[in-house]
Amino acid sequence: MNEPLITGVGISDFGRFAHLNEEALAQAAILSALKDAGVGMRDVQAFYCGNALGGHLPGQRALRELGTGGEAVYNIDNACSSGATAFHLALQALRAGQYETVLVFGMDHLSGLGGGALPMNERDWNNRRGMIMPALYAMRAKRYMHERGVPAEVLADVAVKNRRHGMLNPIATFCRPVTREEVLASRMVADPLTLLQCCPGVVDGAAALVLSTRPSRGTAKPVRVLASVVQSGLFEINQVDMTEAEITRRAARLAYEQAGVGAGDLSLIELHDAFTISELLYYEALGLCEPGEGPGLLASGATALGGRIPVNASGGLLAKGHPPGATGVAQIVELCEQLQQRAGKRQVQGARLGLSQVTGGGIWGVDHAACSIHILAA
Amino acid sequence: MEITKYPEPHFRNDADGMTLLGARYRDTGELRFPPPEFLQAGEAAEPVSMGASGRLYTFTTVHPAKAAAYALGMVDFDNGLRVFGRLAWPEGSEPAIGDLVHAVAFELPDGTPDYAFAPLKGAAA
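Taken in sequence, the protein lines are chains A and B.
Using my numbering, you'd call the opening residue of the first sequence number 1 and step up by one each time.
Using my numbering, you'd call the opening residue of the second sequence number 1 and step up by one each time.
Keep in mind the hints are simulated off the structure, nothing from the lab.
Be aware that a few hints might be false.
If you anchor each label on the Cβ, the simulated ranges turn out as follows [said to hold, decoys possible]: (1) LEU113/A to GLY29/B: 40 to 48 Å; (2) HIS146/A to PRO90/B: 16 to 24 Å; (3) ALA185/A to TYR25/B: 49 to 57 Å; (4) GLU30/B to GLU71/A: 41 to 49 Å; (5) LYS345/A to ASP78/B: 50 to 58 Å; (6) ALA41/B to PRO177/A: 56 to 64 Å; (7) PRO90/B to TRP125/A: 22 to 30 Å; (8) PRO90/B to ARG148/A: 26 to 34 Å; (9) PRO177/A to GLY111/B: 40 to 48 Å.
We put the CB at the ideal spot given by N, CA and C, even for glycine.
Please model the entire structure based on the sequences and the hints provided.
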């Protein structure tokens, strides 16, 4: 059997589109991906849809007017890892020989939810007591800063870097450039995280990919998938180190083993910077540096465009926004465009190996409920 | 199917004030807080005091756009468990990592009696 390859990618604009809905955004991404892959809807044998907040049957709602032949639609909700989990399952089906060409897409329309932090399960023990995702990351940040003597300016610099990247990404329509001072002076959301240290709460978007074992008819060279890992959080009610992103470290180890590469081999990374502190924690968990060295790595410029290992060249969640169902697929779209040398002004020169990492959380006893990591090669 | 609802509360009030109650599984000795909601297939668990105080591991104050600010924290107890909860600090004082805290009465938004954490008087971090 042929190796499954990514033969086409598509992405909608990410921004505030109150006049649209998630189905319309998904359709834009899907049509774009099919065109990029050089295939028609009737070439697709199954559909994998990542969606976290859209309710019942999001995949069928997005697809019903696009002329499918009634093939299987798999709807996957794994919180912020929904899209990446959909990709993982699609890849498994191709590797098993179940299908030859499938479409993976993810979308969410947060404009329809009224703003603020992502809605949480109100039956959850922590959520009933006021937990929201910004608060969880704020508590991580507070402890990280306490243990390591890190000032608030370091966190702010993550937001400055990623929004600087986002200004080079035409789909990041909600992105504006910011200074460290503006980040620190923006409204406090959960101490020490200010508004500009959180990914924007209301951004809509969708992304899509064609995966196939057939010879590619696409416009760009197909991209290989060297590793695809989905892990779940451990039940931990004891006194764990909240400055360590255990699930990401675990998933990364598995992904590096699968791909036969190490962190030092990577050309670029798209990671889950829902909050500024996340990016520092994930530098360390992904093995870009030792625990405690995240701030130094950021300050060195290594993770900025032009640096040794650019992180979130797309602008990340901080600049693009975070429609959860779309995020994991959007990260893979970005890696593909980079590896295919068609990322425009944000192109990482010579990119040949990229890693994407996305988590998913929101329940007590499991700090991160899900984590997906993919390693792609040109 | 044999599912039993765990019958015990997660705190008690007596002359010494409020004490959080974890649960200990009889077979494994495993400690839990919050206590399990249900017990499966003949499992048994009994309430265990979490102790008089814990240490604040980390905290934050949430500032909703259209509602009053509120503080949250993670508290480490001597039995090895960490408990999440609201912080109820006196006006004009600020929490700090390492503060010694105890449980005090609090209400969930729907009026259900619950706990929060307040600084233990006279204790320094």
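Verification of the supplied hints:
The hint said 40 to 48 Å for the Cβ distance between LEU113/A and GLY29/B, and at roughly 44 Å that hint holds. Between HIS146/A and PRO90/B the beta carbons are some 22 Å apart, a value that agrees with the proposed interval 16 to 24 Å. Separation of ALA185/A from TYR25/B is about 50 Å and conforms to the stated range, judged on CB atoms against 49 to 57 Å. The supplied range of 41 to 49 Å is met by GLU30/B and GLU71/A, whose beta-carbon atoms lie about 46 Å from each other.
At roughly 56 Å, the beta carbons of LYS345/A and ASP78/B sit within the given window of 50 to 58 Å. Evaluation of the 56 to 64 Å hint for ALA41/B and PRO177/A yields a pass: the beta carbon distance comes to about 59 Å. The hint said 22 to 30 Å for the Cβ distance between PRO90/B and TRP125/A, and at roughly 26 Å that hint holds. Separated by about 30 Å at the C-beta atoms, PRO90/B and ARG148/A satisfy the suggested range of 26 to 34 Å.
Checked against the hint of 40 to 48 Å, the pair PRO177/A and GLY111/B passes, with Cβ atoms roughly 47 Å apart.
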